[in-house]
Amino acid sequence: MRLSRRRTLTLGMAGAAIAMLPVPGGADAAQDDDLIARFTGGAETVSGPLTMDAPSVAENGASVTISVECPGAVSIRVLALANPTPVICTFTFGPLSGSHRVSTRIRLAESQEVIALARMEDGSFAEARAHVSVTLGGCT
Amino acid sequence: MNEIDARPRLRVPSQAARDEVVQIRALITHPMENGSRVGPDGAVVPRHIIHRFLCTFNDQKVLDMDIGPSISANPYLEFDARVPASGRFYFEWYDDNGAIYRESASIEVT
Numbered sequence: 199m200r201l202s203r204r205r206t207l208t209l210g211m212a213g214a215a216i217a218m219l220p221v222p223g224g225a226d227a228a229q230d231d232d233l234i235a236r237f238t239g240g241a242e243t244v245s246g247p248l249t250m251d252a253p254s255v256a257e258n259g260a261s262v263t264i265s266v267e268c269p270g271a272v273s274i275r276v277l278a279l280a281n282p283t284p285v286i287c288t289f290t291f292g293p294l295s296g297s298h299r300v301s302t303r304i305r306l307a308e309s310q311e312v313i314a315l316a317r318m319e320d321g322s323f324a325e326a327r328a329h330v331s332v333t334l335g336g337c338t
Numbered sequence: 009m010n011e012i013d014a015r016p017r018l019r020v021p022s023q024a025a026r027d028e029v030v031q032i033r034a035l036i037t038h039p040m041e042n043g044s045r046v047g048p049d050g051a052v053v054p055r056h057i058i059h060r061f062l063c064t065f066n067d068q069k070v071l072d073m074d075i076g077p078s079i080s081a082n083p084y085l086e087f088d089a090r091v092p093a094s095g096r097f098y099f100e101w102y103d104d105n106g107a108i109y110r111e112s113a114s115i116e117v118t
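Protein chains in written order, with our numbering: chain A, 199 to 338; chain B, 9 to 118.
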């Protein structure tokens with residue numbers, strides 16, 4: 199490949215742009231990815247089939263009502279990565295599960311993004327996130 | 009203090025049409041001590057939670073839930089179940105101390 203003057207310049211600028219990008223993930227992000235991968239096995243997740251309802255503002259972090267719904271899901275895991283114990287719960291649906299919809303109350307230590315992951319019948323994974331601002335952190 | 013006054017409370021309809029999806033509400037009184045709280049004596053209060061909930065209907069699974077310490081005190085659940093025939097729902101809560109709290113509710117298909 200012959201390097202023209204124009205091509206050399208373009209390459210140099212592309213390289214500079216990549217160098218300026220933030221390094222994806224520090225130690226925390228790596229741990230977060232690990233917690234997600236423990237459920238998904240590192241598979242890609244799609245958004246869409248899984249929906250999560252959570253309040254955008256929760257006054258009391260000791261009791262935050264959330265609900266998740268995912269038709270066609272085998273199981274759903276809920277994570278709060280800023281909690282001391284980030285895995286909140288895992289629902290596994292049986293043959294008599296009506297709508298694959300569950301609502302429960304969770305503790306949130308601080309404002310954060312709550313993550314729901316669903317394993318679908320075909321082995322694929324879905325994901326939904328909702329940011330909850332917590333006024334008074336729940337004792338988790 | 010390992011004994012807990014855990015009282016289940018259920019709301020299950022008593023009747024349904026065949027294959028109707030009904031809503032179930034289940035609550036159990038329990039402190040859900042998460043194991044990171046410091047008590048009045050300055051010592052960490054050991055973890056003591058309900059770590060699993062199971063709902064079945066006529067020996068078929070409806071919902072199985074693995075529970076962590078981040079579930080609120082007095083765990084509350086609202087979920088749906090499809091009712092293929094008359095029968096009985098069984099609910100079980102598994103306590104860290106080995107106890108299993110059981111409750112049931114019958115439903116008649118009309």
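The set of hints was computed from the structure by calculation and includes no laboratory data.
All figures in this text were calculated on a predicted structure; none of them were measured in a lab.
Heads up, a few of these hints could be off.
With a straight-line Cα cutoff of 25 Å, these simulated SDA-like cross-link-like pairs (lysine to any residue) come out [stated by the list, open to error]:
1) Lys-69(B) to Ala-93(B)
2) Lys-69(B) to Glu-319(A)
3) Lys-69(B) to Gly-296(A)
Computed footprint of chain B on chain A, listed as stretches where at least three residues anywhere in the stretch have a Cβ under 8 Å from a Cβ of chain B [what the hints assert, rightly or not]:
4) 237-244
5) 260-268
6) 285-292
7) 327-335
Yeah, the Cβ is synthetic: ideal placement off N, Cα and C, and Gly gets one too.
Hints, verified against the model:
A C-alpha spacing of about 14 Å is found between Lys-69(B) and Ala-93(B), which places the hinted pair at or below 25 Å, so the restraint holds. About 16 Å separates the Cα atoms of Lys-69(B) and Glu-319(A), which keeps this hinted pair within 25 Å; it holds. Using a Cα cut-off of 25 Å, the hinted pair Lys-69(B) and Gly-296(A) holds, with the two alpha carbons roughly 11 Å apart. Look at the stretch 237-244 of chain A against chain B: 0 of its residues bring a Cβ nearer than 8 Å to a Cβ of that chain, fewer than three, so the hint is violated.
For the stretch 260-268 of chain A, the proposed coverage by chain B is satisfied: 4 residues have a C-beta within less than 8 Å of a C-beta in that chain, meeting the threshold of three. Judged by the Cβ-Cβ criterion of 8 Å, the stretch 285-292 of chain A is covered by chain B as claimed, because 8 of its residues qualify and three suffice. Only residues whose beta carbon comes within less than 8 Å of a beta carbon in chain B count, and the stretch 327-335 of chain A has 0; fewer than three means the coverage is violated.
In the structure shown, a violation is registered for the earlier hints numbered 4, 7, in ascending order.
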